[in-house]
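Chemist: Use these hints to put chain B onto chain A, whose structure you have.
2 protein chains.
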Amino acid sequence: MYRIGIDLGGTNIAAGLVDGEMNLVRKKSIPTGAERAGEAIVADMATLCRDLCAEHGITMDDIKAIGIATPGVANLATGVVEYANNLHFIKFPLAELLGKELSFDNIKIANDANAAAWGEAVAGAAKGTTNSVMITLGTGVGGGIIIDNKIYTGFNCAGAELGHIVIEVDGVPCSCGRKGCWEAYSSATALIRMTEEKIEECKAEGRASLMLDAEKVSGRTACDCMRAGDAAAKEVYDKYIKYLASGLATIVNIFQPEVISLGGGVSNEGQSLIDDLLPIVRKEAYGGGVIDDLPELRIAKLGNDAGIIGAALLG
Amino acid sequence: MYRIGIDLGGTNIAAGLVDGEMNLVRKKSIPTGAERAGEAIVADMATLCRDLCAEHGITMDDIKAIGIATPGVANLATGVVEYANNLHFIKFPLAELLGKELSFDNIKIANDANAAAWGEAVAGAAKGTTNSVMITLGTGVGGGIIIDNKIYTGFNCAGAELGHIVIEVDGVPCSCGRKGCWEAYSSATALIRMTEEKIEECKAEGRASLMLDAEKVSGRTACDCMRAGDAAAKEVYDKYIKYLASGLATIVNIFQPEVISLGGGVSNEGQSLIDDLLPIVRKEAYGGGVIDDLPELRIAKLGNDAGIIGAALLG
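Protein chains in written order, with this note's numbering: chain A, 319 to 633; chain B, 319 to 633.
Honestly, the hints are just simulated from the structure, not real lab data.
Keep in mind that this is a model prediction, so the values were computed, not measured.
Heads up, a few of these hints could be off.
Any copy will do: because identical chains look the same in the list, a pair fits if it lies in one copy or spans two.
Stated by the list, open to error - Below, simulated BS3-like cross-link-like pairs (lysine-lysine); rule was C-alpha separation at most 25 Å, straight line: (1) Lys557 with Lys521; (2) Lys497 with Lys560; (3) Lys468 with Lys445; (4) Lys409 with Lys601; (5) Lys619 with Lys346; (6) Lys409 with Lys426; (7) Lys497 with Lys557; (8) Lys346 with Lys382; (9) Lys552 with Lys521; (10) Lys426 with Lys445.
Chain A with its partners taken away, still in its complex shape:
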C-alpha cells in the first residue's frame, strides 16, 4: 500500500507517492493557479493523485491515505482550511471536497509548516522522538510543534506561529504587522536584508568586501563570502547567527524538545550552521550547566519534500 502527500503551495501543487517504508517513490507537480476558485484547485489535485498512481502502475485502490499540506489555518479534526490568505480560502472544506472528487475517505490536512514538522518527526531528523520542534528558515520563519507524537496547533488551529515571537520590542517591521518578530531577523529574507545593508555600508565607507561582487544578493552571499575570508561578510553572518540563536534558546526554554530541526533554504548551510549556533544556544538556555539532557539541534533531513512526506503520513 502507498500514501499520497500533497503540498499545496501558492505557486505549485506538488504531490508524491510514499511507500510503506516512508520513502517518497514518485513526485509530480503542477501550477497552483492560486487566483482560481478553490473547487478548480481541488479538481486539479484529484487529477494529480490519479496521474501519480497511473504513472506508477497502481490505482487509487492501492492508496491507504491522502494528506494535504496547506498554507494558512488548517483544522486537522474537520479537514477545513479556516483561512489561507494566498489562496483566498475561507472556511474551505478541503478534505471533504477532494474526498468527493476521488471517492476516497481517509484524507487529512495540516498547515504546511506543521506537516513538514510532522514529516521530520516521523521520517526525518527527529525520527524516534515524542516531542520535537521544526523551524523553517525560508522566505519567512515557519514553525511546527510536535507534542506527544501529535501536531500541536492550539484550540483554534492557529498556533505554532513560531516566526512571530517578538525578539526585539519595537524592532524591525515584520510582514505580519508586528515589529521585531523573529522572522524579521532570522528568515532568509532577513539575511538578505542584513547583507544588502552591509553592502551599502561598505560602499559608503569605501570598505572592500567580496559581497560587493555579488551579481544578485541571496541568502548564501554572506555565508559564501565569509568562508572565503571576507570580514564584512562575517559581521553579517555573526549578527544573523546571534538573532537566530537567541530565538532557538527561547524555543528550548519553552519546549525543551528532544530535537529542534532546522529546515528551509538557510539550513542548506548544513552542519557548520549547527556548529555555530549550538554554543550560543547552550549558553543562553535556562539551567544550561545543570540539566544533563539537552535538546539536540539538527539539520532537517527531508528538504523540500518534508511537506509531501509529512502530509502523506498524517492519516
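Modeler: Only chain B this time, still in chain A's reference frame:
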C-alpha cells in the same frame, strides 16, 4: 476523601487539605529551613500532613492523594527533583522519601509554577479548558503550560520557562544570565525597577510626581499613582503594559490556548489589567482580524493557594 497539597517554598512550606469539591478547607504552614538537608525538610512535610489531618479530625486513611509543588526541575514521572537551586536538591527522590515517612503511595510532584497552572486549569480561571497557559507575575515571571489536560514540561522536565523568552536581544540583564528576558520587563521586580528609574528621572528633572511621596516603592506604586492621575506614573504603567502585552501576544502566537491566566502579585490589579492588556495583545497576535476564536485573558482565581490546590490535584 481528601487530598493534601504541599507548596514547598524557599521560605515556608504551606500545606492544605482539599476536599472532594476541590475546595481548600484547611491550611497550615511552617518555615522551610531551606539550608537543612532534604531529609529533614521531608520529615517536617510529613509532620505537617499528619497535623493537618489531626486538626481536621481525620486520619491519613482519609487522604487519597498527596502532591508537592517544588521549586526547580521536577520529574513528574519519577517524583525526583532533578535540581532546585534554592533548596540544594540534586536528583532528590522527594516523592519516594515522603512516601516512606508517611507509608503512603500516591504522591506526585510538579514544579511550583506548573502546579499553579494545573490548579488554575482544573479548579481556577481556566477550569473546563483542555489547553491553557498560566503566567505568574511575581518576583520573577513564571510559566505553566497545560496541553491536552496534562502539564507540559518537555522531555527533560525543564521546559515552560516562559519568563525566559527573550523579548529584547541585548536588553536588560536577567537573573538567569541572559539579557532581555521577558522576566526582566514584566515581573513585579521589573515594575519596581521601572518605577524607581522614573522617580530618579523626575527628581533629576524637577518634575512633580505622586510617586516621589512613596515611602517604599512596590509593584503597586506606579499603578496607584496612575489611578490618582499622575502622569509620570502612567508613563511607567504604559511601558510595563507594553512589554507584558508583547510577551502575551507571543504566548498567543505559540500556543493559541483557550485561556491565559495571570497570577502573582501584579495580577492583584485585577480586571483593569486585563482591560489594558487585551487590546494590545489582540492587535499584536498573528491573524488577529481573521480567526474567530481567540484565547481569553483572565486573572487567576486561586491566588497564593494555586500551588497547594494544583499539587493536591496532581494525583
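Chemist: For every hint, state whether the structure bears it out.
Modeler: These are the hints, each one checked on the structure:
1. Lys557 with Lys521: within (19 Å within a copy, 38 Å between copies)
2. Lys497 with Lys560: Classified as both: same-chain Cα gap 18 Å, cross-chain 13 Å, threshold 25 Å.
3. Lys468 with Lys445: both (13 Å within a copy, 23 Å between copies)
4. Lys409 with Lys601: between (44 Å within a copy, 22 Å between copies)
5. Lys619 with Lys346: within (20 Å within a copy, 55 Å between copies)
6. Lys409 with Lys426: Answer is within: at 15 Å inside a copy they meet the 25 Å cutoff, but 43 Å across does not.
7. Lys497 with Lys557: For Lys497 and Lys557, both the intra-copy (18 Å) and inter-copy (16 Å) Cα distances are at most 25 Å.
8. Lys346 with Lys382: within (19 Å within a copy, 60 Å between copies)
9. Lys552 with Lys521: Within one copy, since 16 Å is at most 25 Å while 45 Å is not.
10. Lys426 with Lys445: For Lys426 and Lys445, only the intra-copy Cα distance (21 Å) is at most 25 Å; the inter-copy one is 31 Å.
Violation of the numbered hints given earlier is absent; every hint is satisfied by the structure.
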